[in-house]
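Residue strings, one per chain:
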Amino acid sequence: MKRFYGTELPNPLMLGTAQYPSPAILEQAFRDSGAGVATVSLRREAGAGQTFWQMIRDLSVLILPNTAGCHTVKEAVTTAHMAREVFDTKWIKLELIGHTDSLQPDVFQLVEAARILTEDGFQVFPYTTDDLVVGERLLGAGCEVLMPWGAPIGSGRGLNNEYALRAMRAEFPDLPLVIDAGVGLPSHAAHAMELGYDAVLLNTAVARAGDPAAMARAMVLAVQAGQLAHQADPIEARDMAEPSTPVVGKAFLS
Amino acid sequence: MTTWSIIGAGVAGLAVASELVSRGVKVQVFDPGGPPGPHGCSWWAGGMLAPWCEYENAEEPVLRLGQMAIDWWADRTQVHRRGTIVVASARDLPDLRRFARRTEQFVDVNQAEITELEPDLHGFNKGLHFEHEAHVDPRQALQDLYRQLTDHGVELHRKLAPTQLENAIDCRGLHARDYLYDLRGVKGEMLVVRCPDVTLTRPVRLLHPRMPLYVVPRGDGVYMLGATMIESEDSSRITARSMLELLSAAYALNPAFGEAEVLEIGVDLRPAFPDNLPRIRRLGRTIHANGLYRHGYLLAPALAQGVADLALENKHSEMVDEDRA
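Chains F and R, in that order, are what the protein sequence lines are.
Per UniProt numbering, residue 1 is the first one in the first sequence, and the count goes up by one each step.
Per UniProt numbering, residue 1 is the first one in the second sequence, and the count goes up by one each step.
Chain F extracted, bound-state conformation (with noise of 0.2 Å):
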């Protein structure tokens, strides 16, 4: 298991506290899955999210504050000092939005913000695209652990371009990969696993869906499913049948 900044997680699934029923079902959601990291989000909540805050603390798992909504490298610069002073830790989920409609990241403010704030002694998890150029300038910034994109933040689409994100696992063997954002159902989650990624980061998938605790178990055993079977080495997929029991002796000449 790779590790994020030294930390090894739980189990790879990491889930964002945005849009549950109730505060009460987000913390079932936590407790049925077993999810190692929660993400939380900042932003809105500037100033006097205490109670809400204190509930996240107490779920008593890894918690990585994103920058959610921030438009500007400054914005994205000064939520990730208030977060650090609410969350007392190094990480953060760096997410700056370039696009209103996609939600798509601007990678270019991304590498400014990210090369500040690892300047600033921050642990960054850039929410980037793709790319394997932004890729690697995000790494010449100082990230150690890339969250490239699967599909649009919320789309539920799964992974958009496999190709893409095959090369990227290729190009970055030796890195924390982790797909956030697009993941609808855990036959995507279990998707990424398997392309060899090391985490997979919803929010949506989960909160929004009829019964959110069900929903994050079911993403916890599929990211371990997927996750398992990337180990173990999956067949290649051919274009014509072989046979599981051995043909010879058969009469398949007749």
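Misleading hints may appear alongside valid ones.
[Claimed, not checked] Reference listing, derived: stretches of chain F covered by chain R, where coverage requires no fewer than 3 residues with Cβ under 8 Å from a Cβ of chain R: (1) 24-30; (2) 50-60.
[Stated by the list, open to error] Partial list, computed: chain F residues near chain R (C-beta under 10 Å): (3) Gly-69; (4) Arg-208; (5) Gly-210.
Treat the hints as calculated values from the structure; they're not laboratory data.
The C-beta atom is built at its ideal place from N, Cα and C for all residues, glycine as well.
Based on the hints, put chain R in the right spot on chain F.
Relative to chain F, chain R alone:
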């Protein structure tokens, strides 16, 4: 005869008082803020009696307990029984389908049927019509309860309740956190606008993945636009972002809202327990009734009945989660 003292004159306190009075009990009310007004969060409510719509994102008791609210309020204030319309823009139709799947008691309506119900709602190909829902004007409802109570000789003491009260019912909302440690505030922001160019006669909900909106008609071209739901306990301000989102969503519903006059900006905190369901708790000599969250008008009647059942008959309704008398 025992006098029951109700602390807090918001929707919870006044509903409890009204229920007790209707059962022939003598009550008095304490609230340092005086009669209903902008100091209480129920002043800023939408006033929708919409158990089926709310059920989309709430637990089952909201659906079941909310259904009695319409008749309860109709005995006390003007209830508009005109249903609710739910629409989504073409790109957000998956949200409309999910909404429909998660609830019941609606009919699907197409564009022609939507404009037949509300001629000023055009451009929506699909919607849901919840025929059995209703709404009240929350401020009118509070004032009607207050007037009926004073007509019955109920006194409202404009001061803090004395400590060590016998037979007290604490309905102070978020102020009761000194006893209810699991209570939190959920920030809500709303606008009241005047827009005579738009005529809507029933609450309309516009679904959107990030900025859902409801519009509640108040009559005379006045509309309440609401409401944000933010896990924050800062009630000091509305943010520019929230106002932008509320107004953009209203504009998407009907561009004529662009010409609306902004009459009021409201910000307050909804008292809520971790499961967002209300609670009745007896601690010593005080019964606490709290946690109405975004369902003040929808669940206050059931809460009031539960309090009266506990206070007068020692009956434990499902809302009672702790009894340490």
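Verification of the supplied hints:
1. For the segment 24-30 of chain F, the assignment as covered by chain R holds, since 3 residues bring a beta-carbon within under 8 Å of that chain's beta-carbons and 3 suffice.
2. Residues of the segment 50-60 of chain F with a Cβ under 8 Å from some Cβ of chain R number 4, which satisfies the need for three, so the listed coverage holds.
3. The restraint placing Gly-69(F) at the interface with chain R holds, with a minimum CB-CB distance near 8 Å, inside the 10 Å limit.
4. With a cut of 10 Å, the hint placing Arg-208(F) at the interface with chain R holds, because the nearest CB-to-CB distance is about 7 Å.
5. Hint on Gly-210(F) holds. Least Cβ distance to chain R is approximately 6 Å, under the 10 Å limit.
Hint violations for this structure: none, all hints satisfied.
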